[in-house]
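Trainee: Please build the complex by placing chain D on the supplied structure of chain Z, with the hints as guidance.
Protein chains: 2
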Amino acid sequence: MRVLGIDPGLARTGWGVVEGQGGRYRAVAFGAIATAGDFPSRLVELYRQLSELVALHSPDALSIEQVFKGPNVQSLVKLSHARAVAILAAGLKGLPVAEYTPMQIKRAVTGRGAADKSQVNVLVTHLLGLHQAPKPLDASDALAAAICHLNRASFEARLEG
Amino acid sequence: MRVLGIDPGLARTGWGVVEGQGGRYRAVAFGAIATAGDFPSRLVELYRQLSELVALHSPDALSIEQVFKGPNVQSLVKLSHARAVAILAAGLKGLPVAEYTPMQIKRAVTGRGAADKSQVNVLVTHLLGLHQAPKPLDASDALAAAICHLNRASFEARLEG
Chain Z
33 MRVLGIDPGL ARTGWGVVEG QGGRYRAVAF GAIATAGDFP SRLVELYRQL
83 SELVALHSPD ALSIEQVFKG PNVQSLVKLS HARAVAILAA GLKGLPVAEY
133 TPMQIKRAVT GRGAADKSQV NVLVTHLLGL HQAPKPLDAS DALAAAICHL
183 NRASFEARLE G
Chain D
33 MRVLGIDPGL ARTGWGVVEG QGGRYRAVAF GAIATAGDFP SRLVELYRQL
83 SELVALHSPD ALSIEQVFKG PNVQSLVKLS HARAVAILAA GLKGLPVAEY
133 TPMQIKRAVT GRGAADKSQV NVLVTHLLGL HQAPKPLDAS DALAAAICHL
183 NRASFEARLE G
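Which chain is which? The protein sequence lines are Z and D, in order.
In my numbering, each number is its position in the first sequence, counted from 1, plus 32.
In my numbering, each number is its position in the second sequence, counted from 1, plus 32.
With the rest of the complex left out, here is chain Z (with noise of 0.2 Å):
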């Protein structure tokens, strides 16, 4: 099973591929889509650069984290839109989109619902093998999205066997 992760901003949406082999999970790719122009135009150019990612890599689901809050008022819109965004790239193409809370994402890679972006980082690096810690956080967020719906297939397969 092969999974999209996504990280959703405006500025910049980080994401990563993330393949689950016989319980052990390897990085297909992952990276960051950085935006610019006016409001509308990002959210174009991100859908386009995402709907490439989904025929590039050709995951079988999405996984994405909820929004519950941001900074301020306008992150949260900015946020909201972005995320939009990230779901129609897949939920166009038929892919699943499965939603997770920030706590469940940062449990499944990190053992605890309280973990910061850098201690994610690190244990998706170790988790994954990457001779590299990804770059920017962004995308080990993404990469960690995947792995937490790639533990729940796991769970669900392990249940029905």
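Among the hints, a few may not be true.
What the hints assert, rightly or not - Simulated DEER-style distance windows between Cβ atoms:
1. D/Phe100 to Z/Leu162: 51 to 57 Å
2. D/Ala61 to Z/His163: 57 to 63 Å
3. Z/Leu88 to D/Gln106: 31 to 37 Å
4. Z/Ala146 to D/Thr133: 37 to 43 Å
5. D/Phe100 to Z/Leu191: 29 to 35 Å
Honestly, the hints are just simulated from the structure, not real lab data.
The C-beta atom is built at its ideal place from N, Cα and C for all residues, glycine as well.
Mentor: The following block gives chain D in isolation, referenced to the frame of chain Z:
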């Protein structure tokens, strides 16, 4: 010039197409889109229905209200997602997207920025010479957004002319 106005919402998105002909405005069509299902499915369904409207009515631009606040964080998050879907449905087809504050839109149809939805409904009915008031109120808010953009376009045309 033909403008698609949108009043976005996850539960219900109002829409209205208005054509400006020599300083007079005509309502081409209006209505509201309701969606059901889980959150990602609703966004996908809203996108598909809005895309069909764009294809059917061939507007020259999208006019949409900016978002500044909501009754609570979760409403604001949902509204922002629906709004991003509307921007993409127009933007991906190459339509320019015009954003206005709620005050600018209310002032365009009622002459003042503090009008409520029912006052907007009455004035939109009058301005468009409709025999019946548009229902639901989301549709008249969407028509008001379209009128607001036509007002500005007409003003800019006079400045240039």
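Trainee: Now, for every hint given, state plainly whether the structure supports it.
Mentor: Cross-check of the supplied hints:
In this structure the hint that D/Phe100 and Z/Leu162 lie 51 to 57 Å apart at CB is violated, the actual value being about 41 Å. As the Cβ distance of D/Ala61 to Z/His163 is approximately 58 Å, the hint placing it in 57 to 63 Å holds. With their beta carbons about 34 Å apart, Z/Leu88 and D/Gln106 fall inside the hinted range of 31 to 37 Å. Restraint check, Z/Ala146 to D/Thr133: a C-beta distance of roughly 39 Å satisfies the suggested window 37 to 43 Å.
For D/Phe100 and Z/Leu191, the Cβ-Cβ distance of about 45 Å falls outside the hinted range of 29 to 35 Å, so the restraint is violated.
Figure legend: structure checked against the earlier numbered hints; hints not met, in rising order: 1, 5.
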